[in-house]
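Chains as they are written, first to last, in our numbering: chain A, 11 to 404; chain B, 11 to 404; chain C, 11 to 404.
Everything labelled a hint here was simulated from the structure, so no lab data went into it.
Since the model is a prediction, treat every value here as computed from it, not as a measurement.
Take these hints with a grain of salt, some might be off.
Quick list of in silico lysine-lysine cross-link-like pairs, DSSO-like style, CA-CA up to 27 angstroms [claimed, not checked]:
no.: 1; chain 1: A; residue 1: LYS35; chain 2: B; residue 2: LYS25
no.: 2; chain 1: A; residue 1: LYS35; chain 2: A; residue 2: LYS366
no.: 3; chain 1: A; residue 1: LYS284; chain 2: A; residue 2: LYS191
no.: 4; chain 1: C; residue 1: LYS25; chain 2: A; residue 2: LYS35
no.: 5; chain 1: B; residue 1: LYS35; chain 2: A; residue 2: LYS35
no.: 6; chain 1: A; residue 1: LYS25; chain 2: B; residue 2: LYS25
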Amino acid sequence: YANETEQDLAAQVAKLSEQVAELQKQADSPAISFSGRVQLDYNWFNGAYNANENGSSGSDLFPRRVRAAIDSEFEHWDHTLLLEFAEGTAEIIMARVRYSGFDNGLRLQFGKLREDISLNALTSSNNISLIERSSLADTFSPYFRWGASAYQYNKDNGLRWALGVYKNDAFGSDGEDDSGKLALAYTGRLTWSKTSADQVWHLGAWHSERDMGGNELAARVARGELRETAVRLVDYAAGGDVVALDSLRQSGLELAYQLRSLTVEAEYALRTLKTFDNSSLLDGTDHSGYHLSVSFFPGGQQRPYSAGSAVFGQPKDIRNAWELVARVSQLDTANAGQGTDVTTYTLGGAYYLNPKVKFMANLMHSSVSGAGQQALSGEEDSGTGFAARVQYLF
Amino acid sequence: YANETEQDLAAQVAKLSEQVAELQKQADSPAISFSGRVQLDYNWFNGAYNANENGSSGSDLFPRRVRAAIDSEFEHWDHTLLLEFAEGTAEIIMARVRYSGFDNGLRLQFGKLREDISLNALTSSNNISLIERSSLADTFSPYFRWGASAYQYNKDNGLRWALGVYKNDAFGSDGEDDSGKLALAYTGRLTWSKTSADQVWHLGAWHSERDMGGNELAARVARGELRETAVRLVDYAAGGDVVALDSLRQSGLELAYQLRSLTVEAEYALRTLKTFDNSSLLDGTDHSGYHLSVSFFPGGQQRPYSAGSAVFGQPKDIRNAWELVARVSQLDTANAGQGTDVTTYTLGGAYYLNPKVKFMANLMHSSVSGAGQQALSGEEDSGTGFAARVQYLF
Amino acid sequence: YANETEQDLAAQVAKLSEQVAELQKQADSPAISFSGRVQLDYNWFNGAYNANENGSSGSDLFPRRVRAAIDSEFEHWDHTLLLEFAEGTAEIIMARVRYSGFDNGLRLQFGKLREDISLNALTSSNNISLIERSSLADTFSPYFRWGASAYQYNKDNGLRWALGVYKNDAFGSDGEDDSGKLALAYTGRLTWSKTSADQVWHLGAWHSERDMGGNELAARVARGELRETAVRLVDYAAGGDVVALDSLRQSGLELAYQLRSLTVEAEYALRTLKTFDNSSLLDGTDHSGYHLSVSFFPGGQQRPYSAGSAVFGQPKDIRNAWELVARVSQLDTANAGQGTDVTTYTLGGAYYLNPKVKFMANLMHSSVSGAGQQALSGEEDSGTGFAARVQYLF
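Throw the hints in and build the complete structure from the sequences for me.
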């Protein structure tokens, strides 16, 4: 330096630089951060969906999801508390405390966690390509449950495994048996993926063993891919009775292939009931289903695949883009003279105004069969529905 | 520059200046921000307000409003999620997603929105000059409903219009008709204002057409301007029956004049019932009411008027200031041998310690008449009330 | 300065320094901040705790506390809104608005406040050394109630006093009498403390007069120091009846001594019932109890004592530390041929991974006696329990 003043100024500038860098770091990754979503939906439906009213048309306008999340980080720990607000209620959707301090990528987590069941069910509702998930996802996934789990992704061979144990207060169980003992569910998922710039291959399988503690399996296992209908189409008890279960066992297969802006997803799942009363005609019977969906962005956008979580997301920085989607879906619960089988066809379009604002419209047709169809919906053995959504993310 | 060192330092300082400016901008308008309010109220009342107990005095201490809001901004979009918390419940008060990207000042919004009905109802509960709104506001405003609306303010001519369509799950309707079809409400408001430093003129009119879907109109249309009383004084069904409505139609007029620290507000509103059963004696009957209120700040503070929203707010940076308020209010629901007419006189004072902390006290007297008065409150045809509040904003 | 350029640079650097200091200040003490906790618990129990099932073992896994808090500051005011979320509900735990602008350390506060009753009850659930508080705390403390209070700590003589008036909607009262009049509780606490680097002496006494407004005192006054059991052991109505109270009066004594990593706490409390019906055999009867607990950190960590609040906290910056705890506790409610007396012994250990993550395990044994024991738990006059917790703070 030419003189003392310059030295002094240089020292001050260096100190300021450090302070500013620290402030920028804090601003970029705050210890606590927030996000959320608003989904406002319109539903219209007729036929079997509104069988109580002779199949005349019904409709509704309602907040499908209003959620806010708090995220926090501390050293190798992070936490997400995801809350859903509705008229008069607030629900903890997720409360995940996660540890990621292992070198080998292993993650341990506890709290209210998403069980690793079904690619479609594991895809965030922010990012699903149709307004409602498939009947398969709604039938087989308990979504979020209290428990603990572990998962790990291995880049070298593309394999990811997840294993968890949860309180099984899903599917009609209250999470304990007659004598007040905790009823657990054990769930695992194994996926393999191979990704290049243009292509993604995803293969997966999951299995879940669930102690039902003698509780009754809930009758209406899925709504038929439309939310606010008067009748829920997939009902294993229609024309018969609900059944108390000792346990249930369910498994599924996942296949997905992406070629640039085209994504194809297919799943199959099977559930076997072990009834509390061995002599029940429903003992050993199955519920099974599949769905096949195709999504295409005419403008060339591509859904990103997260190998670490083994799910697809929303194209980054998307703007003024259209997505076209078709899905065929089936779920069979008819057994022993009761229950319904439901097939649903859906066509959908979505317009992404920007990364935060999306408009969606879906048209669907469902047909109901099986021994319980008459009891469920009488003359109405099919139904048509329409759904629209505006979504805002923050 | 005299030398290289100086050049180098100057460059560093310039870069730091940019970084600091960016950090200041982020701090001043964060993408997500928070606010809220706590109102702790004391109520005391006798006479008709506590008629079940022969008019003896009753009282309560309770949280009137505990609310927190999350605000987010993204380009031309903004969102507010306003939640109210109480014992065991959480309610979405408002969930507004708004677009303001038009050059002409047009705003589009969807979500749970405040319907544009009544100047008094549209004034934020943070800023109302008396502890409770008028019976007119509580009778005619459904406050926040799910739907979509648009509004625009024209500076040149002082006109502001607002138009919205909402799910009508207000006033006793559950938002759908017998066959499960969505019941809508259409609401519009037109206001004109002229403002100078000293004066504000505000003229307004609103109208709302509401499909009631055959649902019963709730009996107790307003409480009588005190919150936690045992008896709600404005009751069109007292001494008779509630009535199922096909629809209702209601309109109102607003007038406000401000001269510096003096603000006068007056409103009139009229509702006409269209009953589900044409032969009902209540078919075509009216509910109507008015209120006139005067607010004065002896210290000279002035309530700001927002022309863009057409409502008054709280004086900015107010400190150690008193506000004196008087209101007369009437609401008539007596028709066809049933229902009550209620007149309420209120005197109020408020002390603003600072912009965040306010203390309020109100004294009120109500008289009840009409064919249903005896059925509602027997010997007690008038009542006196006192309310006090501490309010904290964050 | 050597030249103009240097002067100019120096001025710019000085301005930047100010701006950065302001940004740092904002980052260090933001106007609004957030915190929270997740406690996931496992409970196992048998004997009297599960008497309905002949004392067989029961168990549960459940979120004990999922809470988030918003803190705000404005000049001499601060506010905390502490919310608890559960399945379908949200509760305001605390909503405290506090003024601290007096020179003499006096604090005034209003909202939903923690009543100053019992050292154990006043200790934050973040910081308690056993998984559940003592039966004494759960019996005598109403925890948080709506009202107003004042407190002051005097450094010179070590005295701290607190006085409050609250709506008494605790212990079975709904907060009002038969005619709808507000029922209040008056509570005061006086403590003295003396602290040095190694030692803390804490002596305290509290008293509460509570208008019960003719409401029935809730039967199950405490669970027996385990959360999710089928039977609540401390039940003054077992084998008899609940009783409507005119009022209740209760007092307690607190003693705590800390020598470095060893902390001993002891409390005694007494409640006297004034029944609504003077001729009730329960008129003038007492509930009383005590607990004595010892906590020790083998690694030498020391619980900090806050003289201003007169409670103990969690050791600061604690890491990889163990805490060992033992407690004996008794609560007697047996009177006039009904009610139970319960003694509980608990051994506990906690492992603090870091200041945010803690693992706890407790083993406890309770014995039940008194005139109502048979009615409460039949053959099962004792029970064993085990509890485990993972806790995450954010």
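So, going through the hints one by one against the coordinates:
no., hint, verdict
1, LYS35(A) to LYS25(B), "16 angstroms, holds"
2, LYS35(A) to LYS366(A), "24 angstroms, holds"
3, LYS284(A) to LYS191(A), "19 angstroms, holds"
4, LYS25(C) to LYS35(A), "22 angstroms, holds"
5, LYS35(B) to LYS35(A), "15 angstroms, holds"
6, LYS25(A) to LYS25(B), "14 angstroms, holds"
Checked against the numbered hints above, the structure violates none of them.
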